[in-house]
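Top to bottom, those sequences are chains A, B and C.
Quick note on my numbering: the first sequence kicks off at 1 and runs consecutively.
Quick note on my numbering: the second sequence kicks off at 1 and runs consecutively.
Quick note on my numbering: the third sequence kicks off at 1 and runs consecutively.
Hints were generated in silico from the structure; no laboratory data involved.
Remember, it's a predicted structure, so these values are computed and weren't measured experimentally.
We put the beta carbon where it would ideally sit given N, CA and C, even for glycine.
Where hints are given, some of them may not hold.
[What the hints assert, rightly or not] Partner residues aside, some chain C positions facing chain A, computed with beta carbon under 10 Å:
hint, residue
1, HIS82
2, PHE86
3, ARG87
[To be verified] Stretches of chain A that chain C covers, calculated by requiring three or more beta carbons in the stretch to come under 8 Å of a beta carbon on chain C:
hint, segment
4, 185–199
5, 202–212
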Amino acid sequence: MGKLSMPMNTTIAARATLNAGIGGGQESKLFRWALIAIATAFLGLFLFAPIIAVFAKALEKGLSVYFSAITEPDAQAAIRLTILTAAITVPLNLCFGVAAAWAITKFDFFGKNLLITLIDIPFSVSPVISGMIFVLLFGAQSLLGPFLTAHNIKIIFAVPGIVLATIFVTSPFIARELIPVMQAQGSEEEQAAISLGASGWQIFWRVTLPNIKWGLLYGVILCNARAMGEFGAVSVVSGHIRGLTNTMPLHVEILYNEFQFVAAFSVASLLTILALVTLAAKNFVQKKSRQRFITSPVEGIDYSGVQL
Amino acid sequence: MKPKSILLKQRGVLPGFGLTMGFTIFYLSMVILIPISMIFIKTASMSWDQFVGAVTSPRAMAAYYLSFTASFIAAMINGIFGIIVAWVLERYNFPGKRIIDGLLDLPFALPTAVAGITLTAIYSSNGWFGQYLEAIGIKAAYSPLGVVIVLTFVGLPFVVRTLQPVLHDFDKEMEDAAASLGANRWQTFTKVILPELLPALLTGFVLAFARGLGEYGSVIFIAGNMPMRTEITPLLIMIKLEQFDYAGASAIAAVFLLASFTLLLLINLLQRRKNLVRA
Amino acid sequence: MSIEVANISKTFGTFTALKGVSITITSGELVALLGPSGSGKTTLLRIIAGLDVSDSGIIRLDTEDATLRSIRERRVGFVFQHYALFRHMTVFQNIAFGLQVKSRKLRPSKDETREKVFKLLMLVQLDWLADRYPSQLSGGQRQRIALARALAVEPKVLLLDEPFGSLDAKVRLEFATLATQAT
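With the hints as extra help, turn the sequences into a complete structure.
What follows is the structure in structure tokens.
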């Protein structure tokens, strides 16, 4: 008799508390909000503050100063070089990524794991080293050095070196995205296509490509972001010649070291906008494909030392 | 020349093996393998004594120490807060959650130089946060602490993103079972949930650590780069290059590469362990 | 087309799927391979089609040694156990695929293709699904589309892998009748 007379509102309130969290959370409401507060504070300190700071500092002296900083000739040259580098790097790495993913996921061969590990090498190498290896290969003191100087071919301290270093650093991105996607999809559709008489290219264009388009796009977005933002490797090979061999990140460094803070942050703000657009594009692609792609380490993928 | 039947069996029935494999190996060699081998070729040209001298000089040792400890501490911070952030994102609903989740990858997408100058500006003595730290006597910029702060930013997504899928797929029935057996929430967390998260946590930690070791662009702005005090290993390599001490730079780079590869192996092992346990 | 399987063996690692299997099938015959799962039925079918290569033994198609011939050369139609329909193409495009990838000389015109595809769709009684995507079809419907697709290129022999796998009894009967009619 006593049990039945429990007040209704207490029961409802008790139920509400129990059901309040998503997926079975049974922590008290207070604790929950405390955790959220801690997480937000941590992220605020390390994540949000920098984003806000870039724009605040860039616009510190007003819009006109901001615009003159990004339209100044050396800045424009840097922007052009950055875009050029990406325009060469991304298509090349796209071809590589597709070829490697096809070879790895559609066939069985000895040494497959080794190949995958080798493709990962640029990820685990510090950017400075990534640039340095090209100096060792093409620089004045290298084996090829005298040959290049004799023929007046400039690689190091010139645009080709920058492009090469960027290609090295971003080469695994597209392969890395495609391999799990293609592995998960299997080869059945391709086998069906070949049983119907399709040639290799027909199979790729008509059957495989439509299935991998989102993973491909995702990889291209990441590859591009990194190609435009690469600093360490490019810094080593570039020679820092203003107006000629400076990409946007390098230009930011130069301005900063000359204490032209507002100008530095202005150019940096462009790169930040690029980063935010990249994030938005990533989220869009993920939503569209209803899959979660690899940006960061997930099962079976190693991303040691990924840096921009 | 192998008989056709064996080739067919090895390569399966789909076309394009020759073309794709050939291009892949060509590209791989040209772009990755040959350049990387230059480090070891250059190092091999040194005598053993020269090598040891370059690699164990006091300045180099100080650089290793800084790189190692700063990365370690940053990875620990990211480990602890990473659990909280991942938990909050996967288990709770609150305004702005989607935006935060989307922004979490920012350290991956933002160029290191931008991160470098921005964090320096914020934490220098007249910066937004720096001024408060100055007031209590803590120097953030141009000190090892600054390096830790930057590396925390840089490694932020690693732990969170590794934990999120694990939390997402977590079997909540286990928690219910624990509760039905009388465990309070904390006990359930430490005895039931945390052990499941440990492999992913470890992987995320090692990844953040490895990333911190090699980080260059963001650190050089905040560190102050004073030799023996706030000089990180990649910067030391850079300086040697600028002084045309290619051999010395290669020596340190070779040691660094070996460390990175070892970490890569460690991560692979951890992943394999994780998959075995899962199965 | 007659099929002769002579002493075919196939092992996967330590697992022996087929050992010394020999069968002869005359032209026009309808043959069913029955056996418990794991007995090698799919393996044998794939070897006959050219999707896998045996370790030893010979396959003769129309009395000619076809053991090393590629699947494209064999003119064998294959209906996969899980249908393997092209998920990004409509039903119409799936069936038309084999016709569209033919070399320019042999390729039928758009109208001819359309006629052929709809003829096949009516054969499997699914002409009303022409614009749907595989994900929108039931298991039985996908099964029939996979059959239509394989028939479009007029193969000399049709191999069906586990055709009754995920179908209920009524659909099974319908499909069996269909398959018999199609030959």
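According to a criterion of three or more residues whose C-beta lies within less than 8 Å of a C-beta of chain C, is the segment 202–212 of chain A covered? holds (count 5)
Grab the minimum C-beta distance from HIS82(C) to chain A and call the hint holds if it beats 10 Å, violated otherwise. holds (7 Å)
Hold the hint about ARG87(C) up to the distance rule: shortest CB distance to chain A must be less than 10 Å. Since chain A brings a Cβ to about 7 Å from ARG87(C), closer than 10 Å, the hint holds.
Quick check: the segment 185–199 of chain A, covered by chain C? Criterion 3+ residues, Cβ under 8 Å. n = 11 at 8 Å, threshold three: holds.
Quick check on PHE86(C) please, does its C-beta sit within 10 Å of some C-beta on chain A? Because about 6 Å separates PHE86(C) from the closest Cβ in chain A, which is inside the 10 Å limit, the hint holds.
The structure fails none of the hints (numbered hints given earlier).
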